[in-house]
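Visitor: Under my numbering, the sequence shown has 72 at position 87, and the numbering climbs by one with no breaks.
The hints are simulated quantities; they were obtained by calculation from the structure and are not laboratory data. The structure displayed is predicted, hence computed values, not measured ones. Where hints are given, some of them may not hold.
[What the hints assert, rightly or not] No farther apart than 27 Å at their CA atoms in a straight line, the calculated lysine-lysine pairs in the BS3-like style are these:
hint, residue 1, residue 2
1, Lys18, Lys86
2, Lys5, Lys18
3, Lys18, Lys49
4, Lys5, Lys49
5, Lys86, Lys49
6, Lys5, Lys86
[What the hints assert, rightly or not] Listed next, with one range per pair, are the computed distances between beta-carbon atoms:
hint, residue 1, residue 2, range
7, Glu44, Val13, 30 to 36 Å
8, Ser41, Met15, 25 to 31 Å
9, Arg83, Pro(-12), 16 to 22 Å
10, Ser(-1), Ile69, 15 to 21 Å
11, Glu64, Leu16, 32 to 38 Å
12, Ile42, Leu16, 14 to 20 Å
13, Gly(-3), Asp89, 15 to 21 Å
14, Lys5, Ile69, 30 to 36 Å
Backbone N, C-alpha and C define an ideal beta-carbon position, used for all residues, glycine too.
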Amino acid sequence: NAPQWFVSHYWGESIFAFVKCLREHSRVRMLGKNCGYWICAYTNDQHQLRSELGGSINESPFFKALGENCVGAVLILGERGEAIDRMWCALEAAVAFRDAKLYDLAS
């Protein structure tokens, strides 16, 4: 199944907090067990990022994941809202809003 939700985060949260946020998001949205989340750390080859990212932002896996199969994006804020200060998270939010996707915050 193609993931329906794009996860935006700042890479500083613990994996436990990260999973807790997504479990709560899934519960609140009543997504069920078959709903998928797109998480760059588990989708992109972190050792080959230059080749993974493509020639432009629009060709990157991030923007492809926010494409037509994506219902929405969820931003994991972090303990003190650290994700708000990340330009990449702001760019992902701008694309989600531009494309009229649902946009949720998780903490």
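Visitor: Confirm or reject each hint.
Guide: Going through the hints against the structure:
1. For the proposed pair Lys18 and Lys86, the alpha carbon gap of about 21 Å is at most 27 Å, so the pair holds.
2. Restraint check for Lys5 and Lys18: satisfied, since their Cα atoms lie roughly 15 Å apart, inside the 27 Å limit.
3. Taken as a hint, the Lys18 and Lys49 pair is honoured in the structure, with Cα atoms around 23 Å apart against an allowance of 27 Å.
4. Between Lys5 and Lys49 the CA atoms are separated by roughly 26 Å; this keeps the pair inside 27 Å, and the hint holds.
5. Proximity of Lys86 to Lys49 is assessed by CA-CA distance (about 14 Å); at most 27 Å being required, the pair is judged to hold.
6. At roughly 23 Å between alpha-carbon atoms, Lys5 and Lys86 fall within 27 Å of each other, so this suggested pair holds.
7. Roughly 33 Å separates the CB atoms of Glu44 and Val13, a value that falls within the hinted 30 to 36 Å.
8. Taken as a hint, the range 25 to 31 Å is violated for the pair Ser41 and Met15, whose Cβ atoms sit roughly 37 Å apart.
9. Here the CB-CB span from Arg83 to Pro(-12) is close to 19 Å, well matched to the stated 16 to 22 Å.
10. Between Ser(-1) and Ile69, the C-beta spacing of about 18 Å keeps the proposed range 15 to 21 Å intact.
11. The hint said 32 to 38 Å for the Cβ distance between Glu64 and Leu16, and at roughly 24 Å that hint is violated.
12. For the pair Ile42 and Leu16, the supplied restraint of 14 to 20 Å is violated, since their beta-carbon distance comes to about 28 Å.
13. Range check, Gly(-3) to Asp89: about 19 Å between beta-carbon atoms, so the 15 to 21 Å window is met.
14. About 19 Å separates the C-beta atoms of Lys5 and Ile69, a value inconsistent with the hinted range of 30 to 36 Å.
In this structure, the earlier hints numbered 8, 11, 12, 14 are contradicted, and the remaining ones agree with it.
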